[in-house]
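Q: What follows is the residue order along each chain.
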Amino acid sequence: MSFVSSYRLRLQRRRWLIRAVRKRRELKAVANRTRRIRREDVLLFCTARNERIRLPYFLEYYRQLGVDHFLFVDNDSSDGSADYLAAQPDCSVWHTPHGYKRARFGMDWINWLLLRHGHGHWCLTVDPDEFFVYPFCDTRPIQALTDWLDASSIKSFSAMLLDMYPKGRIDAEPYREGQDPLEIATWFDSGNYLIEKNRRYGNLWIQGGPRQRVFFADQPELAPALNKIPLVKWDRKYAYVSSTHMLLPRGLNLVYDEWGGEKASGLLLHTKFLDTFTAKATEELDRKQHYNASVEYRAYAGLMRDDPELWCKWSEKYINWRQLEILGLMSKGNWA
Amino acid sequence: MSAVGIVMLVHTALDRAEQVARHWAASGCPVVIHADRSVPAARFRAFVRSLSDVGTIRFSSRHRCEWGTWGIVAATQAASAQMLRDFPEVRHVYLASGSCLPLRPVQELIDYLDARPRTDFIESATTSDVPWTVGGLDSERFTMRFPFAWKRNRRLFDAYVRLQRRLGLKRRMPNGITPHMGSQWWCLTRQTLSAILQDPERADYDRFFKRVWIPDESYFQTLARLYSGHIESRSLTLSKFDFQGKPHIFYDDHLQLLRRSDCFVARKIWPRADRLYEAFLTDADHAMKRTEPNPGKIDRIFARAVERRTRGRPGLHMQSRFPNPSWDHGPTGAQYAVFQGFADLFEDFEPWLARKTGCKVHGHIYASGRAAFSGGQPVIAGAIPDSAAIRDYRPAAFLTNLIWASRGEHQCFQFGPNDNQGAAGAMSRDPNARISVISGAWAVPLFTSNRNFGDLRAEAARLQKIESDFLDLLRGPHAKARIRIWTMAEFVDSPMEPLQEVIDDLGAKSAQRLSEAPKMVNLAGFGQFLQNLKNQGMHPYLMGDFPTGPTAARPRPGHHRKPYLVKK
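Going down the list, the protein sequences come from chains S and C. The working numbering applies: residue -3 is where the first sequence begins, and numbers increase by one. The working numbering applies: residue 101 is where the second sequence begins, and numbers increase by one.
Worth flagging that the hints you see were computed from the coordinates, not collected in a lab. Where hints are given, some of them may not hold.
As the list claims (entries may be wrong) - DSSO-like, lysine-lysine: derived pairs with alpha carbons at most 27 Å apart: (1) S:Lys233 with C:Lys460; (2) S:Lys151 with C:Lys460; (3) S:Lys313 with C:Lys251; (4) C:Lys368 with S:Lys229.
Said to hold, decoys possible - Which chain S residues face chain C? A few, computed with CB under 7 Å, are given here: (5) Ala82; (6) Asp86; (7) Cys133; (8) Arg136; (9) Leu145; (10) Asp146; (11) Ile150; (12) Ser154; (13) Asp185; (14) Asn188; (15) Gly198; (16) Gly324; (17) Asn330.
Beta carbons: idealized from backbone N, C-alpha and C, even for Gly.
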């Protein structure tokens, strides 16, 4: 990489950070308990909008993994999300009425909170419908993973987005508050992911899964990116560039081995496709606050009207992380 | 009090260290603890206070222990010297760390060492014999100087190594001793240990080893060779290292493995592995005795982990394994067969091949329109869709995914100049590919089609160009696939021989000779068809020399030509 382009990336990183600092004014603290954060704590960062029904299970899941403190940005929810979160003893909540899109899909807010509170901590940045799975997550808390990453001098941990869906119409079984969404969205695509290396940032660009198979079969290049790097030992110099798909400095994006070996990696089980989705898609389409002129939501809305079934004969039913690792979707690397 | 003393090097997780020290002391082993100087003074004082009720636990003078530096040796020396001085009845000194955990009852260790009063247990091998190298350094650990910390000043460290290599700087071993290396965790007898510590030339050795890299793996290992009467070159501490030379960590879910490991002490234990500490410290008898020892299992698990990290699963492309294109093991994980021209020449080639070989036989998976998967399925294993747009978006990745998702089942598919050629290069470079081509067979469907001759001529020219490019790839210098090419004329002349070859290659179900051949398209008039193309100025050359005369290849009407094989 030439000196010039590495300098350009440095400027770009600065720009994102300055932007994040400026955007802090859009955030108003509803409940700030960040003084309770201890030095070794693992933090979770999340932007939510009208996800009240999902929150109880979300918190339960990540508390059980060992997350010590949650930092939420509530993007003007009207369903009482903010009050619910503010009442939780391990949550800090900020409210913003401003545009999700103008804040680079929430990333400016998250970059600010990471800058302010994440320095020196292992930080997990996820959406309310994403459930982090890593090797041995059923027997080892997340601190086992972060301690191991520390000992191995690894600063960032990859977890591809794995779209989960139910069998049959996605609105057939309603989701109840507090329920494990994986009880409904149990199925996934095991082996149709297409990878390309992004030369500029050094990350992998992964597309595929049921969304490409069903919604973007004619325009595969528009299918959403699935590569994510949600777990990072944060430093105030770091910045997420585009969602959690990639970071700067670019060394953090090298979460893959290029000489045949496998690095350790996890998955984000993406439980977007529940009965709540149809309503959400319509709403998001009206708001026009999503990536690429909401092309994704337009494609969904069109198809969902006709035949909202993502399941196919070769879908796999989710069992546990070991199954995902055998299928080659994630890897234990040299963690044993 | 027992004749086994424990020297413990401690730097973090002091609560666990306290627990383990108490466990040793309770079984009658005196303990000398060395705490890293980087432990804050207040925490250290609290630690000392918490253990002050046990008379046989002492604390040695503190050194800074940074990984790979002399501090660890200095700490070991100080603590061992104190152990020998303070506890004269100690005969064996066992070096352990704060994250070590005794797996078997301590009394068993004491009895074991009592039965071997003169044996030193220290892993000690010459540098040429062992492959443990971090950063590509083995014998150079001893012949160079390492004043910079590898963990903090990596650049300086590397630069200084390069400089010494370039200048050819070398150090000489003091007194011509032979350097040995091995696990840091040993168990030495008083005789050997005191001889090392009280050596009149110790100052020379110390000065030398202060500039050796990772001296804690070589200082005692080398010097023990000078004095020991009986070295057993192995460590009593179970400790597994990964490919970077850092120890594997044990967690709660390793409990069963550790129970069956048959080792006295294991390291390194994750400080928050409550179940392990509970099982082995509070209920040691119960923890070990129930199951049959099976120490090999741990070895296998950790060896597999290293293998996975360094070599990975062949043919798997995923978020954390994406070999770059120049990495020369090919893009796929299993052998597969590609047939070009066969389906054009034989009417029922696909079902015939499936019958003969038991392989999964697809049609033209790179066909325009849609991927023709076996049985006309719209989606196959791995939920790979038949969408041509998705396939053409990343043609090589499509192949990689197909072979990975259907691993365990041999895949065959048809290919041809009418198909998307995006993966042609990847296939030709793939050692797993077996590509069989009947060149020029693409003309057969043109011949049998009912189209205007002008269109046919243009189409033939296009297909010939594409196939010729593909053949160039196959014959090119980068091709690694197993490749067979016949011209159509050759093939039609004696089809059984090549078919047999192809079938044998695929490991046919029965080893016997082919009795049944697929049905060849009626080629009557094909020679004339080619001649007509030539007459129009388009020279079809890929099919070889076909008899041109209208009568030459014409069989009796009503009879399809059936290929046969002459048995020798």
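Q: Now tell me if each hint is right for this structure.
A: Against the structure, the hints come out as follows:
1. S:Lys233 with C:Lys460: 53 Å, violated
2. S:Lys151 with C:Lys460: 43 Å, violated
3. S:Lys313 with C:Lys251: 44 Å, violated
4. C:Lys368 with S:Lys229: Given pair Lys368 (chain C), Lys229 (chain S) holds - Cα atoms ~23 Å apart, limit 27 Å.
5. Ala82: Status violated, d = 30 Å.
6. Asp86: The hint is violated - Asp86 (chain S) has no Cβ within 7 Å of chain C, the shortest such distance being about 19 Å.
7. Cys133: At 11 Å from the nearest chain C Cβ, Cys133 (chain S) fails the 7 Å test, so the hint is violated.
8. Arg136: Since the shortest Cβ distance to chain C is 5 Å, the answer is holds.
9. Leu145: For Leu145 (chain S), the interface hint is violated, since the closest Cβ of chain C sits about 12 Å away, which is over 7 Å.
10. Asp146: 11 Å, violated
11. Ile150: Hint violated; Ile150 (chain S) Cβ to chain C Cβ min 10 Å, cut 7 Å.
12. Ser154: This interface hint holds because 5 Å falls under the 7 Å limit.
13. Asp185: With Cβ-Cβ at 4 Å, under 7 Å, it holds.
14. Asn188: Holds: closest Cβ of chain C sits about 5 Å from Asn188 (chain S), inside 7 Å.
15. Gly198: With a closest approach of 11 Å, the Gly198 (chain S) hint is violated.
16. Gly324: 4 Å, holds
17. Asn330: 3 Å, holds
In terms of the numbered hints stated before, the structure departs from hints 1, 2, 3, 5, 6, 7, 9, 10, 11 and 15, listed from lowest to highest.
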